[in-house]
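Q: Please work from the sequences and hints to get the whole structure.
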Amino acid sequence: MDLWNSWCTVIFCMLAIYTNQVSAETKGALIFGRAGELVRLDLLSKRLEKVTARGFSQCTTPHIAKLDDRYLLLGEECGRGRILKLDLNDGTASFVTNGYEPTYLSTAKKLFYFRLSQDTGGLPLFVSDLDKVSATEKVVNKESFSGGVHIIPISASEILFFSRISRGRVWRYDVTTMDLNEVRLGCTPAAWRSATKQLLCFDAGRKRFILTDLRREHAEVVSDLDRANPLLYIDQLDALVFDTSEYNFFPPERRDLVIYDFKTHKLEVLLKGVGLNWGAVVYLEQ
Numbered sequence: 001m002d003l004w005n006s007w008c009t010v011i012f013c014m015l016a017i018y019t020n021q022v023s024a025e026t027k028g029a030l031i032f033g034r035a036g037e038l039v040r041l042d043l044l045s046k047r048l049e050k051v052t053a054r055g056f057s058q059c060t061t062p063h064i065a066k067l068d069d070r071y072l073l074l075g076e077e078c079g080r081g082r083i084l085k086l087d088l089n090d091g092t093a094s095f096v097t098n099g100y101e102p103t104y105l106s107t108a109k110k111l112f113y114f115r116l117s118q119d120t121g122g123l124p125l126f127v128s129d130l131d132k133v134s135a136t137e138k139v140v141n142k143e144s145f146s147g148g149v150h151i152i153p154i155s156a157s158e159i160l161f162f163s164r165i166s167r168g169r170v171w172r173y174d175v176t177t178m179d180l181n182e183v184r185l186g187c188t189p190a191a192w193r194s195a196t197k198q199l200l201c202f203d204a205g206r207k208r209f210i211l212t213d214l215r216r217e218h219a220e221v222v223s224d225l226d227r228a229n230p231l232l233y234i235d236q237l238d239a240l241v242f243d244t245s246e247y248n249f250f251p252p253e254r255r256d257l258v259i260y261d262f263k264t265h266k267l268e269v270l271l272k273g274v275g276l277n278w279g280a281v282v283y284l285e286q
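Quick note: the sequence shown uses the numbering used here, first residue 1, plus one each step.
Source of the hints: derived by calculation from the structure; they are not laboratory data. Predicted model, so just to flag it, every value in this text is computed and none were measured. Not one of these hints is a red herring.
Using 16 Å as the maximum straight-line C-alpha spacing, the simulated EDC-like pairs for lysine to aspartate or glutamate come out as follows: (1) 197 x 217; (2) 263 x 220; (3) 207 x 224; (4) 109 x 158; (5) 109 x 129.
A: Here you go:
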């Protein structure tokens with residue numbers, strides 16, 4: 001009887017461990033724009049379903065930011081640009097402000113976005129409170145960007161940002177202190193791995209991805225990401241969503257949508273023949 005109980009305990013533990021592993025890898029869903037509509041992809045079943053967004057005009061692939069598992073921010077990336085708040089429960093989208101490419105720091109409750117400058121034709125970066133945009137709006141950088149800009153949150157109060165076209169200077173901004181400093185990396189930032197507090201960065205000279213600290217004192221090569229175009233780091237899963245194109249912020253060709261587990265080094269194809277833009281996909285736990 002004792003032997004039987006021992007075996008049952010072992011089997012139960014093995015099943016529990018296996019179940020946890022599968023759940024950790026596949027739970028939750030992705031929301032992104034595809035073929036003129038918003039869709040939700042369940043990571044476990046791989047089922048696709050349409051997401052209702054009344055009041056939102058998807059003139060191009062939308063930029064999406066997550067507020068929580070109920071509310072998203074949608075960026076209409078055409079004309080003057082509009083940022084809308086989408087309620088996933090009832091499918092209604094309400095106007096927040098004019099601008100492009102919203103990014104939200106949930107802990108600091110700060111909204112980042114770009115707006116076309118009438119003077120320079122460039123895109124200065126702004127920051128504000130979500131519920132009081134006009135009253136709290138501030139310009140982060142003095143220079144205007146000539147093209148799309150990549151924003152990467154690296155802590156509860158800090159971001160990195162840089163131009164995706166020029167791939168030149170990288171800036172670090174703290175919403176608490178309002179400090180703005182240039183960061184010299186020698187590589188192109190792609191995502192922040194919060195689990196290890198490392199920056200996933202592309203070394204163009206050696207054509208490889210590395211994980212590094214912001215001082216570039218310790219770096220390790222990530223060989224599993226050959227030909228990856230990073231799209232989204234998922235904190236809860238310690239995983240990276242990417243498409244399998246040559247590493248380029250404006251790749252001419254896109255193929256499969258893939259998820260990569262940093263801990264197990266496992267790669268899983270989520271959808272074939274689907275490519276997305278950076279900032280065009282978010283993860284929901286439920």
